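Peer 1: Residue numbers (the working numbering), protein chains in the order written: chain A, 1 to 234; chain B, 235 to 704; chain C, 705 to 1201.
No lab work stands behind these hints, which were simulated from the structure alone. Some clues are possibly wrong.
Not the full set, but computed from the structure, chain C residues with beta-carbon under 10 Å of chain A [said to hold, decoys possible]:
#1 728
#2 737
#3 894
#4 897
#5 902
#6 906
#7 908
#8 1124
#9 1200
Computed far set for chain A versus chain C, every beta-carbon distance over 12 Å [what the hints assert, rightly or not]:
#10 81
#11 142
#12 194
#13 220
What you are looking at is a predicted structure, and each value in this text was computed from that prediction instead of being measured. Cβ atoms here follow ideal geometry from the backbone N, Cα and C, with glycine treated the same way.
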Amino acid sequence: MLEAAALSKSFGDHVALHPLTLRVAPGEILCLLGANGAGKTTTINLFLDFIPRSGGRALVDGLDVAAEPLETKRRLAYIPEQVQLYRTLTGVENLDYFQRLSGRPPLDRAALLALCDRVGLPAGAADRRVSTYSKGMRQKVGIAIAIAKEARALLLDEPTSGLDPQASNEFSALLAVLRDDGVAILMATHDLFRARETGTHIAIMKHGRMVDRFAAADIGHADLERLYLDHMRN
Amino acid sequence: MLATIVRKEFTEMLRDGRVRLAAVALLALLAGALLHGRAQTRALVAERAAAQAATRADWLAQPAKNPHSAAHYGIYAFKPRATLATLDDGVDPYVGVLTWLEAHKRNEFAYRPAQDATGAQRAGALTAAVTLQLLVPLLIVLLAAGAFATEREHGTLRQLLALGVRARTLGAGKAFGVAAALGVVLVPATVLGVAAIVGLGGDTAHDLPRAGMMVVGYLLYFAAWLGVVLAISARARTARVALAGALGLWMLTTVLAPRLVTELARALRPTPSAAAFTAAIRSDLEQGFDGHAGQAEAMEAFRRRVLAQYRVDSVSQLPVSFAGLELEEGERIGNLVYDRHHARLWDRFAAQERVRTASAVVAPVLAMRALSMGLSGTDVAHHRAFAEAAEGYRRTLVTAMNADMTRNARGTDFDYKADRSLWGTVGAFDYDGPSLGATLTEHAGALAILGAWAVGGVLLLTGAVARLRP
Amino acid sequence: MTTLATPQVATRVPQPRTVPLATLLAHEWRLLVRDRLLHVAASCFIVVVVLALAAGVRWSRAQQATVDRLRRADADQLVAWQRALDTIPADAPPPEAFARDPRSAFHVGARVGRVAGLDQPPLGVLAVGQSDLQPSYYKVTTGPRQAMLMNDEIENPVALLTGRLDLTFVIVALLPLLIGALSYGMLAGEREDGTLALVASQPVTLRRVLLAKVAVRAAIVLAVAIGLVAIGLVVAGAPLAAPGVATVAATWLLTVLVYAAFWFAIALLVAVLVRGAAAGALTLATVWLLSVIVVPVLVNVVAQARHPAPSRTALIAESRAAAAAANARADTLLRKFLFDHPEMRAGASVASGKDFVTRSLTVQFEVDTAMAPSLAAFDARLRAQQALVDRARLASPSLLAQGVLESLAGTDGDRWRRFRDSTIAYHRRWRDAIMAQAVRGEPLTAAMLGALPTFAFGEAPADAVLPRVGGALAVLVVLAVLAWSGALVAIGRVRAA
Ligand SMILES: Nc1ncnc2c1ncn2[C@@H]1O[C@H](COP(=O)(O)OP(=O)(O)OP(=O)(O)O)[C@@H](O)[C@H]1O
Ligand SMILES: [Mg+2]
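Pulled out of the complex, with its shape left as it was, chain A reads as follows (with noise of 0.2 Å):
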């Protein structure tokens, strides 16, 4: 479960995220809308303990995420917009290397080979070196080692981005039954389409404030385009 208390983030002068306050119950998807430099990359970093914060907390299942950095990020896993791997290594290799790092018992070969596939790396990619894959194909990896790593939570900044729609289509029914096993998602992202399709709950961010949060399931498509255009220009 993830949860943010009056969380901020100034760099300098310059606020990033305004006391921000949210809470990702087990089984929801929140989705995180809003326009580029709005502050979503910053939120997500704030739950990873990547950057320090200025004011507030932020919690992974109750626990402070500075104060444990660790322990929290044993309970969470994170795609970022643009998963690197270690290029001198397979994608096999590198699936081994975060698993074992996540502090999980290592899994056999016949099981990263299961994850790979399950996640849509073409046959015979597994095993060759990162540095001749496509971006989708490194994202797909780090897909793989997120779920691998069966975290409480999950952290998604723009995780589809480069995925081709089959991907694109897979990733987001893996997600629902992340969901339904009871995972708590907050996945930044600028597919509005995907956000109602997928997510449980959706936010619109802008200049680093939540202006609007809402249930998925109660606005259609058109609506939802329709609101975001609203809130980004007034």
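Place chains B and C with the ligands on chain A using the hints.
Peer 2: Structure of chains B and C with the ligands alone, referenced to chain A:
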């Protein structure tokens, strides 16, 4: 278009705090090196001139004595300090500063200044040449390694090429931009250097053409580095790969290669030990060599020859001093032996130099160093020229003494005392180093390799730019 | 599909608190092995270590061979003389003063003389040091001391200027480069490649990850620098079994370890404090440049400015003046000498001072005596310069390490200076003995030849050097500890973003 790119590169570099710091540090080091070199030149020129005058005065002040005693008293030759040694003192700290010119013997140069210095000396001297040879290439690496690679990494290269900027123009713009930034350091340094040399009041007609050739050499050297580093940058995936590659090249070619090549030269053309060298000379003198008889036998044959020439039965009947003749014959035979062995040793050093110069094909600093030392008058060839001149003077002096004895010591031999006026009949030792032409011939190989490096650098750059990928 | 992704919210699966270090090490090892840079840098370094060791062995053996040859020639000469003397009848007429005759004290003592040779130190293969500038043998005759000390070993001056490719150079100058090449991208490289974000999102501290990176690199570097050198010493046949030598060799390797530790701390500090791999590489290169080249060169300049080496040319003028004065007073000097040495007066048929040999020996004796204070003052100036440099070594860890490594190898000049001093003492004994014979004017006999003084260098025990390097080594340790403390403090502050 080109001007725009050059201006942008130049401005960008000058705004970089690291570049400014490096440029100021380098300029300070260069200025310090020049001041240090100038102070040393001042002191050494005065000291050596005074010593040379003193030893001449000692020679002239000898009382009336046997000429052979005077030849044994001898005179010292002090190695003069070249004005351009201010820029590059080359091997000067590692060759003796003086040699004693006396009868019978060709002495080695004694007192290498480095022996009177601490171990820290071996880390290198603070000279303008070392700064230019080692540190300016490093500045070039700092300025140029990111030229293309950073733009590639940041994606601006993609944009530039999409705009239709010709890769060639871009390459030329970057090269001239870096060159302009280098000029900020090198132009004032050159002015300072020329001022330092002119201020020393040496023979400017001798020094300035050599300094001019040095500038040409260094420009070729820097052009080579600039071309190579930019080419690396144009091929590298990221700035850090370009930088690591260029730094690695610098370390390998300027730090490691000189020592590696020197070991190679020693292994291919070993230097004899002093013990072996003097033993070989002694053996040749005593036992004879190449059909020449040994000393005792040769002198006996000489005696018979002289008696036959003057048609007399014993040396006491000679109209001249036989002791004088004998001494001169001894010199003649000795000189043959000394010439033979010294020529062999110098040739051995020259062969080692050829190995070093040939290796400049992979490490241009070796060619630059040789050329720089040669033009400064501080290379082995200049030392050899001075050693030969001093030896020539020794022979003139000893022969004059022997001739006087031959002429005037009949019957008295070693009891004869020459008048004090004899000492002044031998002129003072005067030395002119090799001409610029001789030096350039000596280092034609190094100059050619530097030129090839400069051309190669430019070709590498144009090749890399022609295949420029975003 | 759900088998792998079924988090049990209610039951907390007990998980290991930390990622096993082995995982991090194995991963880092794999990354390095796949990195072309490691292959290039490490194989270059290994080749250079082997070459340097070979060059050291070659040099050391050639030096020793020269000294051995000279000693053998001396011994052969003595045997030949003694055999010749046995065949000369006792009533044969005495030799002329300048004759090449073993009975002539002039021939034996002034013309031929003896060799004083310095053996190579047991660990000389580790450092050429100053041994290419400092002769390892002197020809000792009754000639003036200054003339004896003028004789240098022949070497191409360009080789002296360039310096040698010995192990000490490899350790002092190249080892930091290897460390830098392997470490400059440790952290910033991963940040720029983007992998750091994924690593940092895992339950492992960056501190642990970084230390694992350093550990793997240190293992590689030390295996090469220490392992290879240790093996090389054994293969090269260094006399490690001799008393104390193994301890000195171990201290040498320990110094390498401390020096490497210092540079790893610097690499770690740069990795943590400098953002960007390119900037990190530049920073490391700058620190290297300062420590290995710029500071030593400046130290040298300062030492020369503060304690300029006195002028050798002035010294020459002075010794000429002393010689002239002594010559002028030769007769008085000889009389005084005989007055001081009444035991020699008995057979002194030459007391008139006419005998050239006796006369010239007396004059040389006087010159040496007259010059002694000047030479002592000269040496004192040089010692002051050296003392300044020894203090200034603190400014550069590389100078510090170089000093320790060369001292331990026995080629730093200290041992040579002791050799030179005992050669000077031997020169004095030789001259006195020959002078006594010459003054007595009796022909030398086989027994007298055998009784002439012989040179023996009072070699200090191998481990006598340890106290001398103790201070510098301790300073190096302190520097390494300080750098590591700084690095360990800074490492806590690293962030992924
Ligand atoms: N390291 C930093 N230093 C200074 N300002 C920063 C830094 N990182 C982010 N910002 C600022 O914080 C604000 C929020 O940035 P953030 O990356 O969170 O936006 P975002 O919503 O993720 O945008 P995008 O949709 O483009 O990914 C921006 O105004 C940005 O300029
Ligand atoms: Mg973002």
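Peer 1: Each hint needs a verdict: does it hold in this structure or not?
Peer 2: These are the hints, each one checked on the structure:
1. Residue-level restraint check for residue 728 of chain C holds (minimum Cβ-Cβ distance to chain A is 8 Å; threshold 10 Å).
2. Because the beta carbon of residue 737 of chain C sits about 9 Å from the nearest beta carbon in chain A, less than 10 Å, this interface hint is met.
3. Hint status for residue 894 of chain C relative to chain A: holds, with the closest Cβ pair at about 9 Å, below 10 Å.
4. A least Cβ separation of about 5 Å between residue 897 of chain C and chain A falls short of the 10 Å threshold, and the interface hint therefore holds.
5. Taking 10 Å as the C-beta contact cut-off toward chain A, the hint placing residue 902 of chain C at the interface holds, the least distance being around 6 Å.
6. Among the interface hints, the one on residue 906 of chain C holds; its C-beta lies about 4 Å from the nearest C-beta in chain A, closer than the 10 Å criterion.
7. At about 5 Å, the closest approach between the beta carbon of residue 908 of chain C and any beta carbon in chain A falls short of 10 Å, and the interface hint on this residue holds.
8. Hint status for residue 1124 of chain C: violated, given a least beta-carbon distance of 57 Å to chain A, over 10 Å.
9. Nearest Cβ of chain A to the Cβ of residue 1200 of chain C: about 5 Å, under the 10 Å cut. The hint holds.
10. At roughly 10 Å, the least C-beta separation between residue 81 of chain A and chain C is not larger than 12 Å, which violates its mark as non-interface.
11. The claim that residue 142 of chain A lies off the interface is violated: its Cβ sits roughly 7 Å from the closest Cβ of chain C, which falls inside the 12 Å cut-off.
12. The beta carbon of residue 194 of chain A is kept farther than 12 Å from every beta carbon of chain C, the shortest such distance being approximately 19 Å.
13. The beta carbon of residue 220 of chain A is kept farther than 12 Å from every beta carbon of chain C, the shortest such distance being approximately 30 Å.
Checked against the numbered hints above, the structure breaks hints 8, 10 and 11 and satisfies the rest.
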